[in-house]
Amino acid sequence: MISFTPQPATESPIQEKPVFSPHVSWNATFSQLWVALAASVFLVSVPVFVQAPLVRTLPWLGLASTAIGVFLSFQLMSRPKTRFWGDLLLGFSWSWLAGSIYWGWFRWEPFLHLPIEAIGVPFALWCLVRQWGKVGSYFYLGSLLGTAITDLYFYLTNLIPYWRRLMQVEPDGVASVLRGALAQISDAWGICCAATLVIILVIISIFPLGSRQIPGWTFSGAVLGTILVDGLFWLVASFA
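Count along the sequence shown from 1, then add 7; that gives the number in my numbering.
In short, the hints are calculated from the structure, not lab data.
Please note that the accuracy of each hint is not assured.
Taking CB as the label site, the calculated pair distances span [claimed, not checked]:
1. 165 / 235: 20 to 26 Å
2. 82 / 245: 38 to 44 Å
3. 68 / 179: 21 to 27 Å
4. 68 / 238: 14 to 20 Å
5. 36 / 196: 43 to 49 Å
6. 207 / 68: 32 to 38 Å
7. 112 / 219: 37 to 43 Å
8. 199 / 52: 24 to 30 Å
Small disclaimer: the values here were computed from a predicted structure and weren't measured.
Note that beta-carbon positions come from the ideal geometry of N, C-alpha and C, so glycine has one too.
Put together the whole structure using the sequences plus the hints.
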């Protein structure tokens with residue numbers, strides 16, 4: 008079992024740190040880094056394939072479950088061996104909160120998507136300034152960056168009408184909307200935009216992988232997870 012026990016920033020012996028202690032170094036082995044990367048990629052896909060369907064029928068359940076996630080994150084962060092998982096869960100909770108609000112009540116308006124998804128930015132920046140909660144903050148910001156670039160692609164290729172239609176159509180009409188959206192982006196402009204934005208995401212995600220810091224790898228995992236999710240959506244549309 009891979010332990011994520013963080014090291015104190017000083018040379019003093021390892022001891023349990025309070026949950027709000029900023030004096031933690033996130034240097035890690037490569038096995039720990041790869042686990043952090045994989046966990047981030049997985050968590051980016053959860054809101055898309057689990058949360059969105061859930062909150063369409065039970066929006067208040069999705070919203071209330073955010074409190075459970077925050078509670079568990081603080082419990083995990085209070086122990087050195089589970090601090091990483093608690094930190095990551097806290098960042099994920101911000102993504103879950105924003106997704107619950109948007110997909111539960113505002114999914115018909117694409118232009119509100121990014122402002123609502125950014126609801127946790129002030130808290131994430133506060134954490135980074137305080138040098139606390141870095142894993143979760145980097146995960147949340149990486150996920151938000153990926154979301155922003157995906158939304159930009161929708162704007163550039165005029166997919167917004169299909170977004171609105173998909174949120175309103177009956178289940179038996181989803182395939183028709185997806186086929187229309189795929190046809191919309193199959194021209195040279197759509198392909199060029201997709202290639203350019205994917206290259207940008209890949210470049211952004213590569214730089215943090217040069218370090219041995221877990222927060223940077225969680226950021227990369229969140230960005231790469233966005234590419235994976237977008238690719239899966241493209242496959243779904245292709246076979247619709």
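To see whether the hints hold, each was checked on the structure:
1. Restraint check, residue 165 to residue 235: a C-beta distance of roughly 24 Å satisfies the suggested window 20 to 26 Å.
2. Distance hint check for residue 82 and residue 245: the Cβ-Cβ separation is about 43 Å, which falls inside the suggested range of 38 to 44 Å.
3. At about 26 Å, the CB distance of residue 68 to residue 179 agrees with the hint of 21 to 27 Å.
4. For the pair residue 68 and residue 238, the beta carbons lie near 29 Å from each other, so the given range of 14 to 20 Å is not met.
5. In this structure, residue 36 and residue 196 meet the distance hint of 43 to 49 Å, their C-beta atoms being roughly 45 Å apart.
6. A hinted range of 32 to 38 Å for the beta carbons of residue 207 and residue 68 is consistent with their spacing of about 36 Å.
7. The given range of 37 to 43 Å is respected by residue 112 and residue 219, whose C-beta atoms sit roughly 42 Å from each other.
8. Restraint check, residue 199 to residue 52: a C-beta distance of roughly 26 Å satisfies the suggested window 24 to 30 Å.
Consistency with the previously given hints fails for number 4 only.
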